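Position chain B against the provided structure of chain A, taking the given hints into account.
Number of protein chains: 2
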Amino acid sequence: MANVVIGVAKLSPIAVRLIEGKNFGFLATVLRDGSPHVAPVWVDHEGNVILVNTVVGRAKQKNMARDDRVALSIANHDNPYERVVIRGRVIAQTTEGAEEHIDKLAKKYRGADKYQGSSPDEQRIIIKIEPARIS
Amino acid sequence: MANVVIGVAKLSPIAVRLIEGKNFGFLATVLRDGSPHVAPVWVDHEGNVILVNTVVGRAKQKNMARDDRVALSIANHDNPYERVVIRGRVIAQTTEGAEEHIDKLAKKYRGADKYQGSSPDEQRIIIKIEPARIS
Chain A
-3 MANVVIGVAK
7 LSPIAVRLIE
17 GKNFGFLATV
27 LRDGSPHVAP
37 VWVDHEGNVI
47 LVNTVVGRAK
57 QKNMARDDRV
67 ALSIANHDNP
77 YERVVIRGRV
87 IAQTTEGAEE
97 HIDKLAKKYR
107 GADKYQGSSP
117 DEQRIIIKIE
127 PARIS
Chain B
-3 MANVVIGVAK
7 LSPIAVRLIE
17 GKNFGFLATV
27 LRDGSPHVAP
37 VWVDHEGNVI
47 LVNTVVGRAK
57 QKNMARDDRV
67 ALSIANHDNP
77 YERVVIRGRV
87 IAQTTEGAEE
97 HIDKLAKKYR
107 GADKYQGSSP
117 DEQRIIIKIE
127 PARIS
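Listed in order, the protein sequences are those of chains A and B.
Under our numbering, think of the first position of the first sequence as -3, with each following residue one higher.
Under our numbering, think of the first position of the second sequence as -3, with each following residue one higher.
Since the hints were derived computationally from the structure, they do not count as laboratory data.
Some hints here could point you the wrong way.
The list treats identical chains as interchangeable, and a pair is accepted whether it falls inside one copy or across any two copies.
Unchecked claim - Derived lysine-lysine pairs resembling DSBU-like cross-links, with alpha carbons at most 35 Å apart:
| id | residue 1 | residue 2 |
| --- | --- | --- |
| 1 | Lys18 | Lys56 |
| 2 | Lys56 | Lys6 |
| 3 | Lys110 | Lys100 |
Since this is a predicted model, take the numbers as computed values, not measurements.
Pulled out of the complex, with its shape left as it was, chain A reads as follows (with noise of 0.2 Å):
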């Protein structure tokens, strides 16, 4: 299923203050049998690009594995009425990088240095989000 192109949108100014804020996504993704997943994600973003940080094999990394379509809701934590909701496609999954992507993460939100929730036998992977459609 899945892989229908539906356009690229481009970041608004203000999903780009969203992202760049210390505020949560809610990441919606479509498990095997076709439910909703829905789970909160460290949000970042490359130019156009939202990135965002899983481990390998957790359920919402295998949903985008499998379908590329997803869904993003962040909020404004100081004003939660402000707030995007994203669809998008995943256009790429990486490891590459993906250890220094989460600290940078542990430091923007927790103020860490480095993110203390590793695991030896995680791998931790980084999600590419193309947005589509920005409300």
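The following block gives chain B in isolation, referenced to the frame of chain A:
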């Protein structure tokens, strides 16, 4: 599709506390084309049933009428690392009492006596969700 019964879970004390607090839920549903949808929602409960209030015809309402499976993440606003993800299914949608219910939610979330976002051409509806799995 859907209507796969996946059992009923009892709302955990943390889930109840998060729902009763002034915390947002992020509700994931599945669009007609099988892609995920996510929307921030105010949350309430009636015993073990989670209540969400929306407008007839909105994407999430139509999604839940088509496929009763949902996922809902609720984080503590004051400590976003305290959170639950609930998977469940919609057991009812009703417009009965939905106006009073949105006022109740406006009181809880905004301290308002009446919900300010109503429009005469919109019909409010209560979505009743039975939890199946809580993590």
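Hint-by-hint comparison with the structure:
1. Lys18 - Lys56: Classified as both: same-chain Cα gap 21 Å, cross-chain 27 Å, threshold 35 Å.
2. Lys56 - Lys6: both (24 Å within a copy, 24 Å between copies)
3. Lys110 - Lys100: Close inside one copy (8 Å), not across copies (43 Å); limit 35 Å.
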